[in-house]
Amino acid sequence: MAKIGVILCNCFGEIGNTVNLESIRERLASDPSVDFVILRESLCQPGDASAVHAMIRDRGIGKVLLGACSPYGRMEVVRLGLAKEGVDVRTVRAADLREGCAWIHGKDPGGATRKAANQLDMELALLQNMQDSKDVDIRVRHEALVIGAGPAGLSAACGLARMGIRVHLVDRGTAPGGLLNVVTKVYPTELSGPEKLKPLVEMTGGNPLIRFYGKTKVASVKGYAGDFKIVLAGPEGSANLRVGAVVLATGARLLFPQGLYGYGKTKNVITQMEMERQFATGNVACKTAVFIQCVGARCAERPYCSTICCPLSLKNAMRVLDEVPGSKAVILHRDIMTPGSVLEAYYRKALHRGVQFIRFDADRPPEIRADGQVSGVEVFDVLSGVTRSIETDLLVLSTPLVADPESAALARMLEIPVDKHGFIAEVYPVHPVETRNDGVFICGTARWPVSSDQAIAQGEAAAVKAASFLRKETASALSMSRVPGSKLGHAQANADACTGCGNCVAVCPYRACKLQRVGQRSVSRVIKVRCKACGSCAAVCPNGAMQIPEQNYKVTGAMIRRAFREVR
Amino acid sequence: MAGISAALDLAGNGHRVHLVEKGHDLGGQVAKLDKFYPTDHCAFCPLWTEIRRCKEDEAIAVHPLSRVDTLEQQPAGYRAVVVHSAPVVDPSLCINCGRCETACPKGVAKPIGEHSYPPVHVIEGHRCGDCRACVEVCPTKAIAFDREEQRIALDADEVIWAAGFDEVSLAPMKEYGWGTHPDILTSLEFEAWKAEAGDNRGKIIRRSDRAVPRSILFVQCAGARDLRLLPHCSAVCCMHALKQAQWVKRRNPDIDCVILYTDLRTVGRDYYEYALRDFNGNGVRLVRGRSSLITPLPGGNGIAVKYEDTLTGKREIRQFDMVVLNGNLQSSLASKPAPKARPELSGEGFVTAASVSCGFVMEPADVTESAIQAASAALRTITDKN
Numbered sequence: 001m002a003k004i005g006v007i008l009c010n011c012f013g014e015i016g017n018t019v020n021l022e023s024i025r026e027r028l029a030s031d032p033s034v035d036f037v038i039l040r041e042s043l044c045q046p047g048d049a050s051a052v053h054a055m056i057r058d059r060g061i062g063k064v065l066l067g068a069c070s071p072y073g074r075m076e077v078v079r080l081g082l083a084k085e086g087v088d089v090r091t092v093r094a095a096d097l098r099e100g101c102a103w104i105h106g107k108d109p110g111g112a113t114r115k116a117a118n119q120l121d122m123e124l125a126l127l128q129n130m131q132d133s134k135d136v137d138i139r140v141r142h143e144a145l146v147i148g149a150g151p152a153g154l155s156a157a158c159g160l161a162r163m164g165i166r167v168h169l170v171d172r173g174t175a176p177g178g179l180l181n182v183v184t185k186v187y188p189t190e191l192s193g194p195e196k197l198k199p200l201v202e203m204t205g206g207n208p209l210i211r212f213y214g215k216t217k218v219a220s221v222k223g224y225a226g227d228f229k230i231v232l233a234g235p236e237g238s239a240n241l242r243v244g245a246v247v248l249a250t251g252a253r254l255l256f257p258q259g260l261y262g263y264g265k266t267k268n269v270i271t272q273m274e275m276e277r278q279f280a281t282g283n284v285a286c287k288t289a290v291f292i293q294c295v296g297a298r299c300a301e302r303p304y305c306s307t308i309c310c311p312l313s314l315k316n317a318m319r320v321l322d323e324v325p326g327s328k329a330v331i332l333h334r335d336i337m338t339p340g341s342v343l344e345a346y347y348r349k350a351l352h353r354g355v356q357f358i359r360f361d362a363d364r365p366p367e368i369r370a371d372g373q374v375s376g377v378e379v380f381d382v383l384s385g386v387t388r389s390i391e392t393d394l395l396v397l398s399t400p401l402v403a404d405p406e407s408a409a410l411a412r413m414l415e416i417p418v419d420k421h422g423f424i425a426e427v428y429p430v431h432p433v434e435t436r437n438d439g440v441f442i443c444g445t446a447r448w449p450v451s452s453d454q455a456i457a458q459g460e461a462a463a464v465k466a467a468s469f470l471r472k473e474t475a476s477a478l479s480m481s482r483v484p485g486s487k488l489g490h491a492q493a494n495a496d497a498c499t500g501c502g503n504c505v506a507v508c509p510y511r512a513c514k515l516q517r518v519g520q521r522s523v524s525r526v527i528k529v530r531c532k533a534c535g536s537c538a539a540v541c542p543n544g545a546m547q548i549p550e551q552n553y554k555v556t557g558a559m560i561r562r563a564f565r566e567v568r
Numbered sequence: 001m002a003g004i005s006a007a008l009d010l011a012g013n014g015h016r017v018h019l020v021e022k023g024h025d026l027g028g029q030v031a032k033l034d035k036f037y038p039t040d041h042c043a044f045c046p047l048w049t050e051i052r053r054c055k056e057d058e059a060i061a062v063h064p065l066s067r068v069d070t071l072e073q074q075p076a077g078y079r080a081v082v083v084h085s086a087p088v089v090d091p092s093l094c095i096n097c098g099r100c101e102t103a104c105p106k107g108v109a110k111p112i113g114e115h116s117y118p119p120v121h122v123i124e125g126h127r128c129g130d131c132r133a134c135v136e137v138c139p140t141k142a143i144a145f146d147r148e149e150q151r152i153a154l155d156a157d158e159v160i161w162a163a164g165f166d167e168v169s170l171a172p173m174k175e176y177g178w179g180t181h182p183d184i185l186t187s188l189e190f191e192a193w194k195a196e197a198g199d200n201r202g203k204i205i206r207r208s209d210r211a212v213p214r215s216i217l218f219v220q221c222a223g224a225r226d227l228r229l230l231p232h233c234s235a236v237c238c239m240h241a242l243k244q245a246q247w248v249k250r251r252n253p254d255i256d257c258v259i260l261y262t263d264l265r266t267v268g269r270d271y272y273e274y275a276l277r278d279f280n281g282n283g284v285r286l287v288r289g290r291s292s293l294i295t296p297l298p299g300g301n302g303i304a305v306k307y308e309d310t311l312t313g314k315r316e317i318r319q320f321d322m323v324v325l326n327g328n329l330q331s332s333l334a335s336k337p338a339p340k341a342r343p344e345l346s347g348e349g350f351v352t353a354a355s356v357s358c359g360f361v362m363e364p365a366d367v368t369e370s371a372i373q374a375a376s377a378a379l380r381t382i383t384d385k386n
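So the sequences go chain by chain: A and B. With the first letter of the first sequence counted as 1, position 127 gets the number 127 in my numbering; the numbers rise by one all the way through. With the first letter of the second sequence counted as 1, position 286 gets the number 286 in my numbering; the numbers rise by one all the way through.
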């Protein structure tokens, strides 16, 4: 067993004036696994870390127990110092003797000392019993797969190529561009969709690191971060790839407003996309264009705001005024969603340009007058409290982006969750393009409705995050952690004890537990690079077959027995 | 958060980073938040995790309590002169024992009132009586009054601006009544006041008399979307107010919470449903309108607010116990006096595309948007140089 060194910090009397460190020293020194117990005045001051490191090195100590302050005191400084000295901080445990004992129990030195001794005993029991997870190294494939060649996917692919990484860019269409291809003017610019994407599309065609696969779908995904095995199905049959990372950028669709406001049976009731096509062919002709916002959005069925529809209507309303002399443009809305400085300025521009805005209430939506052809709209203007009747010959419905069912199917293949609307979920707001499955990144409207500018920024973000992983030669399973330092360890399945009940598979948030057939039996297996050592599997395993060696039931049991030794 | 994210993404791709921060610790304005929307999780842990990653990364040199004094473009890259300020208490030595606080006869040595990990004490030198009792009692020799600012020159290939936002004083806009009564707060002041980890341990009380308020009004677009002060929409305030109002309701359902808004801007994932939770009966009331006057009532009778409910057309004068003002956020590079080293700014004070930037200095952004912009800025910084 590795020898344990104990170092107690006096903290200039902050600990030692209350806690009887000498009695604790004697008590710990009598433990056979303890090599030495040393009292130090401090651990966090200049020079302390190197002195402690020298002591560990000279005495051949494998594990260290510190009696010092709280992790929210200066223990962070101590640990960072030791790590910088090259000490493996996973073998360093600390008991909080300052905030948790000396300070809070300042009036009861005897009690504070007992509590300090108890905490140290428990940590000692942990160190005595902990085992090391066997680390595994995976070879990282320095290639990436980007699924979807809209603004987000193109930006991700080009970003990766600029970082020197080979990219396979797959799209179900024949050419890159996605939804933006039909947009004749991208707000808030004067550029058309293809013009905006031109630099990215040109790079995709001209960069030897990017290979574009048109009319191609992903047939299957196996593997994990660093080594995904992909099968593509394209016009020339199937292709096998091995990539280190996958970027999902499959985009979204616009809701087709069948049956809403007479769409489908009334002439001159069109969607924003149809309006874009009319602009493209120069066929826009109207006296008064009326735009209705939130058609099929922010309603019981789709309780979300689709982000892009308000600026889209601002743009198209201004375009009508610009391109059709003498025309009027009216936007019927529930809230104008133009957050920030750029879009708010765009809203002000539309107001100055003469676009008329009428606010309606969700409970009293506009009603159209139509007889095969729309002739007018009645709307209760909530701001002035009157019903307005507008003569119109063009009604444009702003419908939301909705999730593409194909994205959800891909998400299942990539073992990442979708939210209740079918959009792909990120791991946490602070990590917006990362997913629960390391090595899989998301960007663009497959993630959530966003503008093309935001989609491009997300593509770049996904590229930079993927590149930071792909530049490694190998990745160790213990390094695959979002928390600082390396992770505690990873779960290990004891095949002899496993009955194949699948509880661990059901609870694992990272899809690291898998059932595997071994002979006649089904047993659990852990994909170590995915495991984050959360311990959920160990908690639900009825047979104790799932354990994290660093903190398994033997360790926890020993800690609890040690804590209650005196009571018993 | 933007600067931290950008630094981590750069370091992750093999680049060395100098992270210059004016505060005691990394974290910026996010460190002042009690909760994140829309998860209602504590803001601190995710932030702390990122800060820890920065401090652990050998490729990132963190310069706290520092500012960029001058920045010169050179044939290859930039030279920045960074000033490390000279605090009386050296945070790298202070063990937060509080002996200076006990010894100080003037009461100017105190625990730091802001985010700093590890926590430290600070001494406001200008109010000190020069007795030096604190220097005598400090066990780690962390206290010194004769430290001098250090100026160091840093060479860098590229500069990313991620200086975040500042609150703009609402005092010139007298109709908001800010500064006339302790119970008229800005949203960030209220966030700190009601914080679970703050001095009040999450209790919702008035600042004036520490009594439980009967009603709180959240005023949106205060100073923002207003050509007299800030033309832009600060983007984060609608969700911020919803978060705070719902939190108040959860802590104390008897407090009447009203949000006075212009457009309820809820465009992110789950944001609109977060707002919907209100309509569905937990009692935060949303009123569309703008206040024309907020003024304290005499005799501690709360605050009178004059506003029009623009959806019903009714003009109201109502009494509230507390008023929280939301919206007065601007790019910190636009604040007065202007820093000597700064990039080209738009008329509204945001960094233009001529420089690489991320977070609120580029465009009003919440934590999620900032993290995306930061990664995107990191990519452009790396690849534009190659």
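It is possible that some hints are incorrect.
To be verified - Taking lysine-lysine pairs in the DSBU-like style, the calculated list, with each CA pair at most 30 Å apart, reads: (1) A:420 x B:249; (2) A:554 x A:229; (3) B:55 x A:107; (4) B:22 x B:340; (5) A:134 x B:203; (6) A:115 x B:336; (7) A:217 x A:196; (8) A:349 x B:203; (9) B:203 x B:306; (10) B:306 x A:84; (11) B:55 x A:472; (12) A:3 x A:229; (13) A:107 x B:336; (14) B:55 x A:532; (15) A:84 x B:55; (16) A:196 x A:222; (17) A:514 x A:420; (18) B:22 x A:420; (19) A:532 x B:203; (20) B:336 x A:84; (21) A:3 x A:84; (22) A:107 x B:340; (23) A:349 x B:249; (24) A:107 x B:22.
Stated by the list, open to error - Partner residues aside, some chain B positions facing chain A, computed with beta carbon under 7 Å: (25) 9; (26) 15; (27) 299; (28) 345; (29) 347; (30) 348; (31) 372.
As the list claims (entries may be wrong) - Calculated from the model, a selection of chain A residues having no Cβ within reach of chain B, i.e. all distances over 10 Å: (32) 13; (33) 51; (34) 58; (35) 83; (36) 159; (37) 198; (38) 205; (39) 304; (40) 341.
For the record, the hints were derived by calculation from the structure and aren't laboratory data. Note that this is a predicted model, so its numbers are computed, not measured. Built from N, CA and C at the ideal position, the CB exists for glycine as well.
Hints, one by one, checked against the model:
Proximity of residue 420 of chain A to residue 249 of chain B is assessed by CA-CA distance (about 26 Å); at most 30 Å being required, the pair is judged to hold. For the hint linking residue 554 of chain A to residue 229 of chain A, the alpha-carbon distance of about 38 Å lies beyond 30 Å, and the restraint is violated. This hinted pair does not check out: residue 55 of chain B and residue 107 of chain A have alpha carbons roughly 36 Å apart, beyond 30 Å. Proximity of residue 22 of chain B to residue 340 of chain B is assessed by CA-CA distance (about 14 Å); at most 30 Å being required, the pair is judged to hold.
Taken as a hint, the residue 134 of chain A and residue 203 of chain B pair is broken in the structure, with Cα atoms around 48 Å apart against an allowance of 30 Å. For the hint pairing residue 115 of chain A with residue 336 of chain B, the CA-to-CA distance comes to about 53 Å; that exceeds 30 Å, so the pair is violated. Pair hint residue 217 of chain A plus residue 196 of chain A holds up; C-alpha atoms about 26 Å apart against a cutoff of 30 Å. A C-alpha spacing of about 44 Å is found between residue 349 of chain A and residue 203 of chain B, which places the hinted pair above 30 Å, so the restraint is violated.
A hinted pair counts as satisfied when its Cα atoms are at most 30 Å apart, and residue 203 of chain B with residue 306 of chain B qualifies at roughly 28 Å. Between the alpha carbons of residue 306 of chain B and residue 84 of chain A the distance comes to roughly 59 Å, so the proposed pair goes past 30 Å and is violated. This hinted pair checks out: residue 55 of chain B and residue 472 of chain A have alpha carbons roughly 21 Å apart, not beyond 30 Å. At most 30 Å may separate the alpha-carbon atoms for a hinted pair to count; residue 3 of chain A and residue 229 of chain A exceed this at roughly 44 Å.
Note on residue 107 of chain A and residue 336 of chain B: the hinted pairing is violated, with a Cα-Cα distance of about 50 Å set against a maximum of 30 Å. A C-alpha spacing of about 22 Å is found between residue 55 of chain B and residue 532 of chain A, which places the hinted pair at or below 30 Å, so the restraint holds. With a CA separation close to 10 Å, the supplied pair residue 84 of chain A and residue 55 of chain B stays within the 30 Å bound. About 35 Å separates the Cα atoms of residue 196 of chain A and residue 222 of chain A, which puts this hinted pair outside 30 Å; it is violated.
With a CA separation close to 25 Å, the supplied pair residue 514 of chain A and residue 420 of chain A stays within the 30 Å bound. Distance check on the hinted pair: residue 22 of chain B and residue 420 of chain A sit about 41 Å apart at the alpha-carbon level, beyond 30 Å; violated. Between residue 532 of chain A and residue 203 of chain B the alpha-carbon distance is near 36 Å, which puts this suggested pair outside the 30 Å criterion. A C-alpha spacing of about 40 Å is found between residue 336 of chain B and residue 84 of chain A, which places the hinted pair above 30 Å, so the restraint is violated.
Taking the CA atoms of residue 3 of chain A and residue 84 of chain A, the gap is about 22 Å. The hint holds against a cut of 30 Å. Taking the CA atoms of residue 107 of chain A and residue 340 of chain B, the gap is about 53 Å. The hint is violated against a cut of 30 Å. Among the hinted pairs, residue 349 of chain A with residue 249 of chain B is inconsistent with the structure: their alpha-carbon atoms are about 39 Å apart, more than 30 Å. Distance check on the hinted pair: residue 107 of chain A and residue 22 of chain B sit about 39 Å apart at the alpha-carbon level, beyond 30 Å; violated.
Proximity of residue 9 of chain B to chain A holds as hinted, the smallest CB-CB distance being about 5 Å (cut-off 7 Å). Annotation: interface hint on residue 15 of chain B violated; nearest CB of chain A at approximately 10 Å, more than 7 Å. Interface hint at residue 299 of chain B: violated, since its Cβ lies 37 Å from the closest Cβ of chain A, which is beyond the 7 Å cut-off. For residue 345 of chain B, the interface hint is violated, since its Cβ never comes within 7 Å of a Cβ in chain A; the closest pair sits about 11 Å apart.
Among the interface hints, the one on residue 347 of chain B is violated; its C-beta lies about 9 Å from the nearest C-beta in chain A, farther than the 7 Å criterion. Restraint check, residue 348 of chain B versus chain A: the minimum CB separation of about 5 Å is within 7 Å; hint holds. A distance limit of 7 Å between C-beta atoms decides the matter here; for residue 372 of chain B the minimum to chain A is near 5 Å, and the interface restraint holds. Remark: the non-interface label on residue 13 of chain A conflicts with the geometry, its nearest Cβ contact in chain B lying 7 Å away (cut-off 10 Å).
Once the 10 Å rule is applied to beta carbons, residue 51 of chain A is consistent with being away from chain B; the minimum gap is 16 Å. With a least beta-carbon separation of about 25 Å from chain B, residue 58 of chain A lies farther than 10 Å from that chain, consistent with its non-interface assignment. With a closest Cβ-Cβ approach of about 7 Å to chain B, residue 83 of chain A is found to fall inside the 10 Å limit, against its non-interface label. With a cut of 10 Å on Cβ distances, residue 159 of chain A falls inside the contact zone with chain B, its closest approach being about 5 Å.
The Cβ of residue 198 of chain A sits about 18 Å from the closest Cβ of chain B, beyond the 10 Å cut-off, so the non-interface label holds. No Cβ of chain B comes within 10 Å of the Cβ of residue 205 of chain A; the nearest lies about 18 Å off, and the non-interface call holds. Not every Cβ of chain B is farther than 10 Å from the Cβ of residue 304 of chain A; the closest lies at roughly 5 Å, contradicting the non-interface assignment. For residue 341 of chain A, the shortest C-beta to C-beta distance to chain B comes to about 4 Å, within the 10 Å cut-off, and the non-interface label is violated.
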